[in-house]
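A.B. asks: Please work from the sequences and hints to get the whole structure.
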Amino acid sequence: MSRIAVVGMGYVGLTTASCLADLGNDVFGLDVDVKKTRRLQDSKAPFYEPDLQELLTRNAVAGRLRFTSNYAEAIPSAEFVFIAVGTPMDSTGAADLDNVRAASAAIAPHLRSHAVIVNKSTVPIGTGDIVSEIVRSATGNPAFALVSNPEFLREGSAILDFMHPDRVVLGARGREAASRVGELYAPLGAPVLVTTLQTAEMIKYACNAFLATKISFINEVARLCERVGADVKVVAEGMGMDSRIGASFLDAGLGYGGSCFPKDVSALARSAEQSGAQPQLLHAVMDINNGQPQLVVEKLSNLLGTVRGCTIGLLGLSFKPNTDDMREAPSIALVRTLQERGALVRAYDPAAMESARVNLPDVVLCEDAYEVAEGCDGLIVVTEWNEFRQLNMPRIKGVMRRPVIVDGRNMYSPDELRALGFSYAGVGR
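Each step along the sequence shown adds one to the number in the UniProt record's numbering, with nothing skipped, and position 251 is 251.
Treat the hints with caution; some may be incorrect.
Straight line, CA to CA, 35 Å or less: simulated DSBU-like cross-link-like pairs of lysine-lysine [said to hold, decoys possible]:
hint, residue 1, residue 2
1, 320, 35
2, 214, 233
3, 214, 320
Pairwise CB distance ranges (calculated) [unchecked claim]:
hint, residue 1, residue 2, range
4, 230, 387, 29 to 39 Å
5, 341, 38, 21 to 31 Å
6, 278, 374, 49 to 59 Å
Because the hints were derived from the structure by calculation, they are not lab data. For each residue, glycine too, the CB sits at the ideal point set by N, CA and C.
C.D. replies: Structure below.
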């Protein structure tokens, strides 16, 4: 059993703390948000993530997982201190490291000798040196070690991803500290890649940028498919059968969103520019992605003639299924564009309604998909939640003012919906 502190109780931090506790470690989760901490002390997860609530409750009851907002309570006994705070995009598109700097400074006075600081936050190359300098300057103690351990967790399957990783990446100046962190992951039986701090930091950015590139690439192909009469769903299926390419992240639609891809692609591009490189591909990836919601609104406008004065329903609001996260979600850009064009917007999401009340105050929020459809001139499928796959489409058609659907996630069969009397448009079909 190891004694661990995890600083930052967002998606990455709380998942990391809960899973490490479930592996038998003594874990303190720390967050400066006192309201969030109190909720966690009552064993209530502050966001939706499959299986997280069960994991949180089980380990809290077992006494392996505790929470605090007090650094003096969590840090002095910790052999490992994980930094898992947010690194949002700043006004220039770079990663904002204020939270990382603040956490590093707060850790320093309480750090025990020979503790290992583990940077779990997604940070630009060179941040490990910044953290080390902050702690060293504050303590004058060179005995601590720092390891970069980037996360590869997908919202909606974060627990599964932590417990069954493809690999564990550890960046450090010496193998001893990396080996100590590697022992924490030993029960998972995953391959461990030990490298330098800078290389580990780059691996994380390169992975997210590549996956975002696959999404933008297939959306570019979808635009061409529409012009030449091809079906992007079948094109993607054929591409995915090639072992060199793989089927994941080849779903044409509204593009990527969430807390990682938008800010990480932007941060990598900004880092490249600051280093004197020319990130042309990264800029193209972002441009294509930013244009997808606009294309979907254009499809709807073409089917309706205009959206001005129309009531438009959105099925889904979160950036992906199985999460309530609306950060950088395509739904936000859709709502903004529709309202600017004079449409009234209604919406429903199985998990993100609380978040929607904050992020989309001018949207009429409904109890289910059928209520959304009532009196609508058009529907847009925004998030591919499973409950939308089995909707009673004749019932949907019966309550709509005009049976028009733009399938932003290509969930439905165009032929089946058209046979039911819908005017249908997908993406690249």
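A.B. asks: Now tell me if each hint is right for this structure.
C.D. replies: Here is what the structure says about each hint:
1. 320 to 35: holds (26 Å)
2. 214 to 233: Distance ~14 Å between residue 214 and residue 233 Cα, so the pair holds.
3. 214 to 320: holds (16 Å)
4. 230 to 387: 29 to 39 Å: holds (30 Å)
5. 341 to 38: 21 to 31 Å: The hint (21 to 31 Å, Cβ to Cβ) is violated, given that residue 341 and residue 38 are roughly 43 Å apart.
6. 278 to 374: 49 to 59 Å: holds (51 Å)
Checked against the numbered hints listed earlier, the structure breaks hint 5 alone; every other hint is satisfied.
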